[in-house]
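Peer 1: Line order of the protein sequences matches chains A and B. According to our numbering, the first sequence is numbered sequentially starting from 1. According to our numbering, the second sequence is numbered sequentially starting from 1.
No lab work stands behind these hints: they were computed from the structure. All residues carry an ideal CB built from backbone N, CA and C; glycine is no exception. Hints should not be assumed to be uniformly reliable.
[What the hints assert, rightly or not] Pair ranges (Cβ atoms, derived):
no.	chain 1	residue 1	chain 2	residue 2	range
1	A	Asp112	B	Pro151	32 to 40 Å
2	A	Pro310	B	Leu320	51 to 59 Å
3	B	Glu72	A	Asn347	35 to 43 Å
4	A	Thr30	B	Asp8	53 to 61 Å
5	B	Pro151	A	Pro310	26 to 34 Å
6	B	Asp322	A	Asn73	54 to 62 Å
7	A	Asn78	B	Asp336	56 to 64 Å
8	A	Asn76	B	Asp84	57 to 65 Å
9	A	Asn76	B	Asn150	42 to 50 Å
10	A	Asp276	B	Asn150	32 to 40 Å
11	B	Val130	A	Gly40	52 to 60 Å
12	A	Ser292	B	Glu72	53 to 61 Å
[Said to hold, decoys possible] Straight line, CA to CA, 20 Å or less: simulated SDA-like cross-link-like pairs of lysine to any residue:
no.	chain 1	residue 1	chain 2	residue 2
13	A	Lys287	B	Asp268
14	B	Lys180	B	Leu210
15	A	Lys352	B	Asp268
16	A	Lys350	B	Ser162
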Amino acid sequence: MTAAESVMVNRVIPGSAFLEVRDLHIHFPTDDGLVRSVDGLSFTLERGRTLGIVGESGSGKSVTSLGILGLHNKRNANVSGEIWLDGQELVGASPDTVRRLRGKKMAMIFQDPLSAMHPYYTVGAQIVEAYRVHNDVSKAVARKHAIDLLGRVGIPRPAKRVDDYPHQFSGGMRQRAMIAMALSNDPELLIADEPTTALDMTVQAQILDLMRDLQEEFNSALIIITHDLGVVAELADDILVMYAGRCVEYGTATEVFQHPEHPYTWGLLGSMPRLDRPTAKRLIPIKGTPPSLIHLPSGCSFHPRCPYEPQTGGLGRTVMPDLATVEGRHQVRCHLSVSQRRTIWENEIKPKLEAS
Amino acid sequence: MTSPINEDALLSVRGLEKHFPITKGLLKRKVGAVQAVDGVDFDVLRGETLGVVGESGCGKTTTGRLITRLLEPTNGKIVLEGHDITHMSQGRLRPLRRDMQMIFQDPYSSLNPRHTVGAIVGAPYHIQRVKTERGIKRAVQDLLKLVGLNPEHYNRYPHEFSGGQRQRIGIARTLALRPKLIVADEPVSALDVSIQAQVVNLLEDLQDELELTYVVIAHDLSVVRHISDRVAVMYLGKIVEIADREALYAHPRHPYTNALVSAVPVPDPARRDRAQRERILLTGDVPSPIDPPSGCRFRTRCWKAQEICAIEEPPLIPRLGDPDSHAAACHFPVADDEQIVGRRARDPAAEVPDAS
């Protein structure tokens with residue numbers, strides 16, 4: 001009951017930021033047990049800023065984004081916590097209210113444009129539909145708007161291609177068309193879930209460049225969800241590292257890449273071969289595998305895979321560490337003390353990552 | 001143009017072609033062909049790792065399937081340890097298959113869900129009627145141990161394992177007959193970042209231990225650089241550049257290789273601006289392999305293309321005084337200190353209104 005009361009109290013104070021997620025929980029009851037996909041996630045995002053959410057599959061990053069958009073089925077997902085978008089609370093809002101916001105105020109770019117677009121309708125028809133749901137305009141005006149958008153995202157001869165079906169587009173063009181659809185109502189919040197994972201390297205560069213330009217133009221808030229640290233380093237102002245449904249590290253891109261403090265972040269950086277450094281002899285992987293979200297490890301979820309767990313004096317096995325502020329906005333969820341973590345990073349991890 | 005077969009090489013490929021016919025109508029009249037692989041030459045030396053990179057549709061997977069003879073070549077020659085296996089019958093090929101195995105991309109579809117791990121990994125022994133010293137079960141358990149799996153999981157089914165573990169099962173099966181050559185088609189691209197590093201390290205350890213030779217096919221340039229001794233870059237069914245790893249990444253000669261290397265996102269926010277400035281953004285899409293451009297196949301997207309590129313196909317030879325090991329197929333190779341024009345330049349047809 002106390003939890004519910006505190007929620008009631010909190011509801012009186014809307015978030016001051018453009019997007020504020022407070023203590024978001026998304027659980028799925030299944031026959032095998034409760035799947036805790038997102039477990040107490042909080043973050044804020046302002047207009048014109050980009051937040052990168054990084055994590056492995058099953059860390060809860062996609063579930064979070066679907067939760068913000070209100071796309072979880074109430075029958076099989078338990079969503080609690082608060083999501084404030086421009087002074088409006090979304091978790092407790094009626095499905096109809098959220099639907100009115102979806103597409104106009106917030107929009108999403110999905111990972112796989114082939115399955116996210118309807119194969120039976122032309123690309124143009126789908127953009128026209130998205131536009132006319134929120135704007136009372138004639139079909140001709142909406143079509144003109146669709147052509148304009150397709151041109152803006154770099155589709156050659158948009159007036160002709162608007163009547164093509166999704167299968168007539170290449171992968172990169174489909175992703176551009178998806179972006180055009182998401183932008184059709186000038187959303188203030190844009191969520192891109194693995195926007196370039198299905199694409200080739202040179203096309204990925206084109207799409208990232210396009211997203212950067214469009215964000216400057218529209219000044220929207222952008223959440224980019226990916227497992228690729230390279231992509232977030234290119235786009236994000238702030239980075240949130242997720243592990244097993246929780247945020248384990250949060251900070252500006254510079255903080256997280258230059259002075260990462262969570263052992264999981266170190267592991268991610270060590271796992272990744274990099275073109276900008278001399279070839280490493282060996283990669284430094286994280287041992288073990290991501291945990292089951294039904295049977296999370298006791299204490300810190302990362303402790304079975306953490307090489308520094310013995311240094312916590314048993315705390316790692318028993319107590320879930322809090323997400324504590326290190327400096328400024330840099331937050332880390334770890335039992336090791338700040339000085340311990342900095343010593344390990346400076347003396348052990350950093351030299352290994354930079355050594356040839 | 002075709003050089004003689006290299007006697008020292010484990011595998012030699014000359015003028016390899018694979019054209020998939022396109023048929024029409026009841027009579028299956030041949031109306032064209034997808035030129036998936038169109039004249040590829042390379043050697044793989046004993047104990048080395050040759051990386052093959054390229055974007056989707058460039059023919060890298062087809063090449064892998066041709067050299068393991070899972071596909072019948074249209075033209076050309078494949079020589080494995082002095083045996084011409086180009087058109088060898090499956091029956092005669094079977095004993096040679098012990099020396100040549102394949103690791104598949106998708107660990108979910110490449111393992112039979114109805115078979116136990118023991119049956120899957122032990123299958124090569126049954127098919128090849130190989131007698132093992134202490135029985136097949138012991139041999140399989142030794143293999144499981146070798147790839148870092150628990151030998152007690154002999155009787156489990158593939159669905160009980162995670163993606164990384166399944167890939168290890170696939171690798172164990174590959175190793176059963178102690179092959180000399182392993183063709184790995186995107187061995188880590190379906191895995192999470194932290195698991196990718198584990199599998200990459202495993203492949204490297206096994207190579208040292210068992211003196212394996214690898215052909216690694218991948219789209220991820222950082223992984224290929226990490227794992228390979230030499231790298232071949234493919235574009236539209238042809239090798240456009242082949243060189244030792246360091247030379248290829250430090251001095252890419254072919255404009256396509258330059259674009260590919262520059263497109264890799266750099267996981268370092270401090271270098272973000274520089275990386276973006278130096279990025280070469282290719283315009284448009286890869287042309288159709290049904291009707292590839294005349295002359296140089298990259299000319300339609302190349303900023304250096306001139307008349308000759310449309311007329312004459314550039315041979316794959318050393319350029320600009322490079323050693324014999326570094327060959328590029330380009331009339332106008334990129335010099336080391338060349339200022340590349342066309343960085344961030346866009347095709348006028350696909351012009352995006354400038355945001356800044």
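Peer 1: Does 32 to 40 Å hold as the CB distance between Asp276/A and Asn150/B, or does it fail?
Peer 2: At roughly 38 Å between Cβ atoms, Asn150/B and Asp276/A fall inside 32 to 40 Å, so the hint holds.
Peer 1: I want to verify a distance hint. Is the separation of the beta carbons of Pro151/B and Pro310/A within 26 to 34 Å?
Peer 2: About 27 Å separates the Cβ atoms of Pro151/B and Pro310/A, which means 26 to 34 Å holds.
Peer 1: How does the Cβ-Cβ distance of Asp112/A and Pro151/B compare with 32 to 40 Å: does it lie in that range?
Peer 2: 38 Å, holds
Peer 1: Can the suggested window of 42 to 50 Å be confirmed for the beta-carbon pair Asn76/A and Asn150/B?
Peer 2: At 34 Å between Cβs, range violated.
Peer 1: Given the hint that Lys350/A pairs with Ser162/B, does the C-alpha gap stay at or below 20 Å?
Peer 2: 30 Å, violated
Peer 1: Please verify whether Lys287/A and Asp268/B have alpha carbons no more than 20 Å apart.
Peer 2: Violated, at roughly 24 Å.
Peer 1: Is the distance from the Cβ of Ser292/A to the Cβ of Glu72/B consistent with 53 to 61 Å?
Peer 2: 45 Å, violated
Peer 1: Are Val130/B and Gly40/A spaced within 52 to 60 Å by their CB atoms?
Peer 2: 55 Å, holds
Peer 1: Does the Cβ-Cβ separation between Asn78/A and Asp336/B fall within 56 to 64 Å?
Peer 2: 60 Å, holds
Peer 1: For the range 57 to 65 Å, tell me whether the beta carbons of Asn76/A and Asp84/B fit it or not.
Peer 2: The hinted range 57 to 65 Å holds for Asn76/A and Asp84/B, with Cβ atoms some 59 Å apart.
Peer 1: Could you say whether the range 53 to 61 Å given as a hint is met by the Cβ separation of Thr30/A and Asp8/B?
Peer 2: Since the Cβ atoms of Thr30/A and Asp8/B sit about 58 Å apart, the hinted range of 53 to 61 Å holds.
Peer 1: Lying within 51 to 59 Å: is that true of the beta-carbon distance Pro310/A to Leu320/B?
Peer 2: Given range 51 to 59 Å: holds, Cβ gap about 55 Å.
Taken one by one, the earlier hints fail for this structure at numbers 3, 9, 12, 13, 16, listed in ascending order.
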